[in-house]
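Student: Sequence:
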Amino acid sequence: MVEDILRKGLLAALETYGVYEEDLEILLEKPRDRSHGDLSTNLALVLGGRLGRKPRELAGEIAARVELPREIIESVEIAGPGFINFRIARPHQIRLLLDVWRPDGALRDIRTGGNRRINVEFISANPTGPLNVVSARAGAFGMTLVRLLDAIGYDAHAEYYVNDAGRQVELLGASLRANYLQLVGEPVAFPEGGYQGRYLEIMAAELQERDTTVIKRATTAFDDESFQRVRAPEGNAEDWRKLPEQESIRCFAKYALMKILSWQRETCRRFGLRFETWYFESELHESKRVERALDKLKKMGATYEQEGAVWFKSTTHGDEKDRVLVRADGVPTYFLADIAYHYHKHQRGFEYAIDFWGPDHHGYIPRMQGAMEALGVGRAWLEVQILQHVTFLEGGRNIQMSKRRGQFVTMDALIDEVGADVAKYIFLTRKPNSHLDFDLDLAKQQSDENPVMKVKYAHARICSLLAKALDAGIDPGEPTAQSLAHLEHEAEWNLVRELIRLPQVIVSAAQAREPHRLTGYVDEIAGLYNQFYNQCKKILDQAPDRRLAQLHLSLATRHVLRLVLDMLGVEAPAEMEKRD
RNA sequence: GCCCCCGUAGCUCAGUUGGAUAGAGCACCAGAUUCCUAAUCUGGGGGUCGCAGGUUCGAAUCCUGUCGGGGGUACCA
Numbered sequence: 206m207v208e209d210i211l212r213k214g215l216l217a218a219l220e221t222y223g224v225y226e227e228d229l230e231i232l233l234e235k236p237r238d239r240s241h242g243d244l245s246t247n248l249a250l251v252l253g254g255r256l257g258r259k260p261r262e263l264a265g266e267i268a269a270r271v272e273l274p275r276e277i278i279e280s281v282e283i284a285g286p287g288f289i290n291f292r293i294a295r296p297h298q299i300r301l302l303l304d305v306w307r308p309d310g311a312l313r314d315i316r317t318g319g320n321r322r323i324n325v326e327f328i329s330a331n332p333t334g335p336l337n338v339v340s341a342r343a344g345a346f347g348m349t350l351v352r353l354l355d356a357i358g359y360d361a362h363a364e365y366y367v368n369d370a371g372r373q374v375e376l377l378g379a380s381l382r383a384n385y386l387q388l389v390g391e392p393v394a395f396p397e398g399g400y401q402g403r404y405l406e407i408m409a410a411e412l413q414e415r416d417t418t419v420i421k422r423a424t425t426a427f428d429d430e431s432f433q434r435v436r437a438p439e440g441n442a443e444d445w446r447k448l449p450e451q452e453s454i455r456c457f458a459k460y461a462l463m464k465i466l467s468w469q470r471e472t473c474r475r476f477g478l479r480f481e482t483w484y485f486e487s488e489l490h491e492s493k494r495v496e497r498a499l500d501k502l503k504k505m506g507a508t509y510e511q512e513g514a515v516w517f518k519s520t521t522h523g524d525e526k527d528r529v530l531v532r533a534d535g536v537p538t539y540f541l542a543d544i545a546y547h548y549h550k551h552q553r554g555f556e557y558a559i560d561f562w563g564p565d566h567h568g569y570i571p572r573m574q575g576a577m578e579a580l581g582v583g584r585a586w587l588e589v590q591i592l593q594h595v596t597f598l599e600g601g602r603n604i605q606m607s608k609r610r611g612q613f614v615t616m617d618a619l620i621d622e623v624g625a626d627v628a629k630y631i632f633l634t635r636k637p638n639s640h641l642d643f644d645l646d647l648a649k650q651q652s653d654e655n656p657v658m659k660v661k662y663a664h665a666r667i668c669s670l671l672a673k674a675l676d677a678g679i680d681p682g683e684p685t686a687q688s689l690a691h692l693e694h695e696a697e698w699n700l701v702r703e704l705i706r707l708p709q710v711i712v713s714a715a716q717a718r719e720p721h722r723l724t725g726y727v728d729e730i731a732g733l734y735n736q737f738y739n740q741c742k743k744i745l746d747q748a749p750d751r752r753l754a755q756l757h758l759s760l761a762t763r764h765v766l767r768l769v770l771d772m773l774g775v776e777a778p779a780e781m782e783k784r785d
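Under the working numbering, the first residue of the first sequence carries the number 206, and numbering increases by one thereafter.
Be careful, since some hints might not be right.
[As the list claims (entries may be wrong)] Below are the EDC-like pairs computed for lysine to aspartate or glutamate, each with C-alpha atoms no more than 20 angstroms apart in a straight line:
#	residue 1	residue 2
1	K743	D646
2	K743	E693
3	K259	E282
4	K783	D771
5	K636	E719
6	K518	D444
7	K518	E496
[Unchecked claim] So the derived label-pair ranges between C-beta atoms look like this:
#	residue 1	residue 2	range
8	I231	D746	41 to 51 angstroms
9	G390	A717	55 to 65 angstroms
10	E220	S240	26 to 36 angstroms
Bear in mind the hints are in silico, worked out from the structure with no lab data behind them. From the three backbone atoms N, C-alpha and C, an ideal C-beta is built for every residue, glycine too.
Build out the structure end to end from the sequences listed, making use of the hints.
Tutor: Dropping the structure here:
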C-alpha cells in the first residue's frame, strides 16, 4: 500500500522532533482538488501547534527530510497552510491498476474479515400481505451489505425472520375466513382491525372455485428445506368452514400464511434477493426457546414480577423504562420472542448481527441491546441500522400507504413498472438513514435523468467498442504494465486514478454500512469514462501502442463497473437499445 | 415532555468521518456529431451550508442553544 510506505517514511522523518508512532495518527487522504496531488497529509498542521512551530515551515522541513522511493512517490510538495502533498508515480499507478484487475491482487488483500460469520437480517415483513415497496429499500440495502461484507472477507448470511405466530396471523385467518363465508352466502362480521386488502378477496375466490388443486399446487411451492414447516391444512375450504370457529380460523390462517409467504418469496426472488435462512417465529415457541430465554433472564436476575406481568429490568441496561416480557394474561410479548430469536442467533454461531429496522422501531434498540447484554452476549453484538421511510411520488403527488386499508404500492408493482435494476439503484443512491423521495414517473422514464442508465450505457459502450475491435482483427488480450505505459491523455489518467480507488471504496462502504458510496463511485467512473471516450476519439484508428493502451484501460474500466454493479445487484448489459 | 432522522444551488441530493476556492445530476444559457451507440461531451450563470454562539491553526462536518419538517415514545403486533 502506498499509504503504508508514506506513513513509514514520514514517521522516520519525524523522529528528529521526538514524535513517534504512538503520538499521532498520520492521516492520508485524496485531495479534492487534483492539482494538490494524489495523497495529502495534514500532519504539519496538527504538529505545528503541539511543537510551537509554524505549520508551513515545519511542513517544508519534513518534506525535505522525508525519504521515499522515487519509483513510487514522484514528488513531495508543500501547499496551503502546511499540507504536504504527494504525487504517485505513473508507473506505480499502473501497477495499482493491474492489482485491481488481477483476481489475486488488491481485492484479495482487503479480505481481512477472517471469514467471521455475520448475520444480516432484513425485510422480515409480517406475513399478512404482499411485500410493499418499503421492503424493497430494505432488500436492496441488506443484500448489497451482505455482498460488501463478503468482499472484505466476512462470511455474511442473509436472513429473513417470519412472524408467523401470534395475534396478527389469527387476524389474517379470520379476515380470509370472513371473505370466504361472504362468498358462500354465510356472511359473518368482519373482524375488527382485520386485513381488507383485495388480495384476500381473490384468495377467497380461489378457494371457492378450485379448492383442492389450488391448495395442492400452493403446498408444493414449499419443498425446500427452510420452508418445510409451511404446509396447508388438511382438506379444503369447505372442510375448514365447518370446524369450530377457533379451529376454522386457524386453518384459514395457515392457508393464507402459506400463500402469502410464497408470494413474498417469489417477490424477493424477482428482486434478486437470496436469503440463506427464513427463520420462523413459530419454531421459537415450539422448541421452547422463548421459555428458555425467559428462564435465562430470570436466572441472571434481570426480571421481576409486578401486577401479574413479568418485566425486564431494561433500565439497568440503558433503556428509559422497564419492559414487559409476559403479559398479565400469560401471553409472551413480541419483545420476549425477539429476545429468544436473537439469543438463538448468537447461539447459532454468529459473531455479529446486523438488523435493518424501520424508523418506527428505533426506540426498540436500547431494550433489545439491553437484553443481549443481560444474557451475557453483550450489547455491541447487535448492530441496528435504521432505514428511513421512502416517499413515493407519482404525478408530483405523494402516495400514502396503508396496509390495513389495502391501499399500498406492492413491491411487485414497483418491479413491473420501473424494473428491479432501476429501483435497486435509486434506493442505493441515498444513505440508509435519510428519507428518500422516489419519483415513480422519473424512474419509469428511460431517460437520461435516470441515473442507472448512464452507468449501464458506459458498460455497454465498452462492450461495443471491444466487439468492434475484435471485428477489426484486434484482440487486445490482457492489460500489462507495458501496454498501459502508453497512456497519455489527462482524461485517461483521471480515469486510472479513480479506478485504483476501488479497494478503498469497497472497504469504506462496507465498514460504514453505506452502500450508496458504491453508486456514487460507479457514477463517477462512468462519467470519467465518457469524458475519456469523447476526448480520445476514434480509439480504433489510433497508432497500435496507443490503441492497445486505451483498449486495456477500457477493459479495466469494464471490470470495475461489473464488479460494483454485481454488488449492487444491477445487471451490466452488453448492449442497450439505441434511443431515437 | 423525552428520543431519533433531516435542513447544503430553483429541484433531488453528495460532501472521503475536522481540511485547501463547498460539489454532482436535473433545470436554465451557449457550443460540439462526415466519429467505435449523443442515454454523451465542452463551457457558463446560480450558495449567508436554517439561525446564533462555542471548541481550534481550520467547522457544512464536533458541542450547546434555537427555529422549521418528518418519525417515534404500548401489558400493539
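Student: Against each hint, give a clear statement of whether it holds in the structure.
Tutor: Hint by hint, here is what the structure shows:
1. With a C-alpha separation of about 37 angstroms, the suggested pair K743 and D646 falls outside the 20 angstroms cut-off, and the hint is violated.
2. Between K743 and E693, the direct Cα distance comes to roughly 15 angstroms. Compliance with the 20 angstroms bound is thereby established for this hinted pair.
3. About 17 angstroms separates the Cα atoms of K259 and E282, which keeps this hinted pair within 20 angstroms; it holds.
4. Pair hint K783 plus D771 does not hold up; C-alpha atoms about 23 angstroms apart against a cutoff of 20 angstroms.
5. A threshold of 20 angstroms between alpha carbons decides the hint, and for K636 with E719 the separation of about 6 angstroms falls inside it, so the pair holds.
6. Among the hinted pairs, K518 with D444 is inconsistent with the structure: their alpha-carbon atoms are about 47 angstroms apart, more than 20 angstroms.
7. Proposed proximity of K518 and E496 is supported: the alpha carbons are some 17 angstroms apart, at most 20 angstroms.
8. A hinted range of 41 to 51 angstroms holds for the C-beta pair I231 and D746, which are about 47 angstroms apart.
9. With their beta carbons about 59 angstroms apart, G390 and A717 fall inside the hinted range of 55 to 65 angstroms.
10. Range check, E220 to S240: about 31 angstroms between beta-carbon atoms, so the 26 to 36 angstroms window is met.
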